[in-house]
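Residue numbers (numbering that gives the first Met the number 0), protein chains in the order written: chain A, 0 to 565; chain B, 0 to 372.
No wet-lab data here; the hints were simulated from the structure.
Don't take every hint at face value.
[What the hints assert, rightly or not] Just a few of them, taken from the derived set where beta-carbon distance is under 7 Å, the chain B residues facing chain A:
#1 Val18
#2 Asn197
#3 Tyr231
#4 Glu238
We treat Cβ as the ideally placed atom computed from N, Cα and C, and that holds for glycine.
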Amino acid sequence: MDNSTVIELKHITKRFGSKVVANRDVSMDVKRGEILSVLGENGCGKTTLMNMIAGIYYPDEGQIFINGEEVQIHSPGDAFRYKIGMIHQHFKLIDVFSAAENVVLGITDEKYDLNEAKQRITAMAEKYGFHIDCDKKIHEMSVSEKQTVEIVKVLYRGADILILDEPTAVLTPQEIRKLFDVLRAMRSDGKSILIITHKLNEVMEISDRVAVLRKGEHIATVKTSETSESQLTEMMVGEKVELNIDRPLPVDPKTRLEIKGLTVTDITGIKVLDNINFEAKSGEILGIAGIAGSGQRELLEAITGLQKISEGTVTYYHPKKNKPVSFYHKSFKRVSELAAEGAFHTKDGAPVSFEGKSAKEIRDLVDEGEIIFNEDEVIDLRGKSPREIRELGIHLSFVPEDRLGMGLVGNMDIVDNMMLRSYKRGHSITLDRKSPSDLADKIIRELQVATPGSHTSVRKLSGGNVQKVLVGREIAAAPTVLMAAYPVRGLDINSSYMIYNLLTDQKKNGVAVIFVGEDLDVLLALCDRIMVVNGGKVTGTVDARTAKKDEIGLLMTKTEAEGEKA
Amino acid sequence: MMAVQEQKKEKKEPLFHIVRRTDISTKTKAVIYAIAILAGFLISSLICWAFGEDATPIDFFASMFTGAFGTKRLIWLLLQDMALLLGVSVALVPAFKMKFWNLGGNGQVLMGCLASIFCMFYFGDLNNVILIPLMLVASLAAGVLWAAIPGIFKAYFDTNESLFTLMLNYIAQGLVAMFITIWVKSGSGVLSPLSAGNLPEIGGNRYILIIVVLFLLAGLMYCYLRYTKHGYELTVVGESPNTAKYIGINVKAVIIRTLILSGAIAGLVGFFLAAGINHTVSTASANNMGFTAIMTSWLAGFNPLLMFASCFFITFVNRGMQEVRMNFSFENDSISNIVVGIIYFCVIAVSFFITYQVVFRKNETKTKAKEEN
Chain A
0 MDNSTVIELK HITKRFGSKV VANRDVSMDV KRGEILSVLG ENGCGKTTLM NMIAGIYYPD
60 EGQIFINGEE VQIHSPGDAF RYKIGMIHQH FKLIDVFSAA ENVVLGITDE KYDLNEAKQR
120 ITAMAEKYGF HIDCDKKIHE MSVSEKQTVE IVKVLYRGAD ILILDEPTAV LTPQEIRKLF
180 DVLRAMRSDG KSILIITHKL NEVMEISDRV AVLRKGEHIA TVKTSETSES QLTEMMVGEK
240 VELNIDRPLP VDPKTRLEIK GLTVTDITGI KVLDNINFEA KSGEILGIAG IAGSGQRELL
300 EAITGLQKIS EGTVTYYHPK KNKPVSFYHK SFKRVSELAA EGAFHTKDGA PVSFEGKSAK
360 EIRDLVDEGE IIFNEDEVID LRGKSPREIR ELGIHLSFVP EDRLGMGLVG NMDIVDNMML
420 RSYKRGHSIT LDRKSPSDLA DKIIRELQVA TPGSHTSVRK LSGGNVQKVL VGREIAAAPT
480 VLMAAYPVRG LDINSSYMIY NLLTDQKKNG VAVIFVGEDL DVLLALCDRI MVVNGGKVTG
540 TVDARTAKKD EIGLLMTKTE AEGEKA
Chain B
0 MMAVQEQKKE KKEPLFHIVR RTDISTKTKA VIYAIAILAG FLISSLICWA FGEDATPIDF
60 FASMFTGAFG TKRLIWLLLQ DMALLLGVSV ALVPAFKMKF WNLGGNGQVL MGCLASIFCM
120 FYFGDLNNVI LIPLMLVASL AAGVLWAAIP GIFKAYFDTN ESLFTLMLNY IAQGLVAMFI
180 TIWVKSGSGV LSPLSAGNLP EIGGNRYILI IVVLFLLAGL MYCYLRYTKH GYELTVVGES
240 PNTAKYIGIN VKAVIIRTLI LSGAIAGLVG FFLAAGINHT VSTASANNMG FTAIMTSWLA
300 GFNPLLMFAS CFFITFVNRG MQEVRMNFSF ENDSISNIVV GIIYFCVIAV SFFITYQVVF
360 RKNETKTKAK EEN
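Chain A extracted, bound-state conformation:
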């Protein structure tokens, strides 16, 4: 097989706005019949560079050569003429069409003959070893099947150069293996494949060469066989990084949240959560694994009072045992009721009776801290709004998946975003910006948020810094339960490890941490237990210290909730 160069990039530069340089003077090449990984952290310009080859963007400077001749790729149509096809991270398929219909969609230079197309697709599938059902509608397909359709779409148009943008991000370990087999088969057929990724183990497994980008610049292209994961990391980050997650054993775990039979139905009547049962314990990180959209978001939102619960209970154990009761979060009436139920003892250990005492005497006793809880308080969170939960003195912190659309307000500065949780405090009609401002400064300093100052809009910060602001605020609320959905998505390696460490610190402080993640290696290294969800059901809970990646992968696609061992 000849190893001629099929794509050559020379001095490619692409800017967005006056300050952002997505790619600076990038020169690299792709050879026939090779798998080239394009490796780099989020925001390093991998996707932008590939989009320029695929005709989505046009470079500001520099040239692209295909098979030795200089080309101007102005549109994806141009790219196809040069036999380049890109499979994007977000699929561009029509849900109500079948696989075959999607494949032929937009082809204008040949007769529309679905049967012939199906034959060609089947032949292709045999050649490269993938499975595709031509008549299946897209909306009935799993993510991996949809991805196959996207790949077929590109092959069908005769592409010799395939660009895959983070193809493994949404797949289970088993599906990834299948995809890699297909890619290898295509390589043997002389096709050139570019894979955008930031997962090192996959780079090592699949690629022949690795092109590393950092901050828009091409650092080097190396042979996979002559490099190592740690060397690649160093090239990617620009410095040596310690990739260790500390995982101490949980100390004195106590049930903090108990979810029983939780069912949530969406407006169309579909059960997005179906009979979920689990417990979150203090001093422990509970991981939640699953294919994206398996009900993870709804689960966290149901606990925090943002989703209406159709069935089941969410019980919170307020750590009040041997702590004094106060009127800060409780009305006089409620305290009297609890006293009548025998929930308190006095400092000396005697039972409390308010009988025969005047309201003033009771108030004084409470204010002096004489009245102590016997046990942890049991509070039903179902049907309570986020505000009601907070007013009960319960510190549920929640780092939502949609950082700027839910956790923060993009157009507000860091100080005003700090206030979101605390602005209501006090009876004044005006805002107190002093303490939020101090908190903002503290978070900027301690979490090394790269920002011109505390009065910069969070929208202007990079993904990692936005996340530091959000996680910082949620941790500053001194939570008893901390829930984080995909907290490291889009973050660079250093920021990711900082977030892992913050979560571990919270665990050490006795917080019950719930971590929804997508990277199974991280879940296995960080969590104590991992609960796997699929289609709104819990398909299993495993011990993260002993479980295998494949085991979790199988649970992620399992449809029947059998063998559950919560």
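Position chain B against the provided structure of chain A, taking the given hints into account.
Frame of chain A; chain B shown alone:
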């Protein structure tokens, strides 16, 4: 290989392209707007030169300034008009900040007017000490009603507020027309100014009360939006309803509360128009300020302090053009509208340069690469 390269000339690379700005300094922004305003005036003066009698650009600008600042009375009128426009802008801004697109400023002001005139017409016998507060309360209530109705519908049924408020303008006009036919028996359709319930002059100056109150209100609105919990909540609701839910803001209550405030201020402007200036009402009493104020508050970036500048500017153009029209014998009002339109257009058009910038493709690297070949 060189031959192949020469063949590939059919597609030229673009000379420049347009990219979104990531950031823009206040200074650049100010300069861009200043250029736009200047360009607007220049084009306008040229048009007047072409169509007016001896209206050279210098005469045009001179007339403009005479019209706006020529006499003491003109200055007071300028300030009064500016204050009214500022008042309506202040009324709209909290709703806009909440991304509630209230296009019903006209109707809300008009309802305020109508309510005051209603009191003046039916309770004209009362002493002004009782009548004027009654008028004030009636005007505020009418403005609140006209703003809160679409607010409630938005909060509970997510009804489109733009259409709703827009339609209420016509209902307000219809109500005014109806009352005028009831009140004016002659059938002329014009209600002559009423003598009851006129606002007192302060120190012999009939402008100052309105100006001071509305200017103060703009300052207070700035503080309300910037420093109060209410202002903070409505900004969060406007920026991100999901964040508002996430932190437990009662979104419905905030929408309705804000619209009540918005309507009350519009009603107050209506009260001033009725009790302090016109003493009568017509379907055009709001003077289209409900729409002009959308422009002024948008130009000011929804900042009540900057609205002083935008309201001053718009009022200056309007009043200056009245003089231009008279001096150069333009027979009807359209020249004013043309000029105002041109200046608006220029200001809006440059927002393109605020959001985007033009980048030219560099060719040096290309030649360099060729040499390497």
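Each hint tested on the structure:
1. Val18: Holds, about 6 Å.
2. Asn197: Hint violated; Asn197/B Cβ to chain A Cβ min 35 Å, cut 7 Å.
3. Tyr231: 6 Å, holds
4. Glu238: 5 Å, holds
Figure legend: structure checked against the earlier numbered hints; the only hint not met is number 2.
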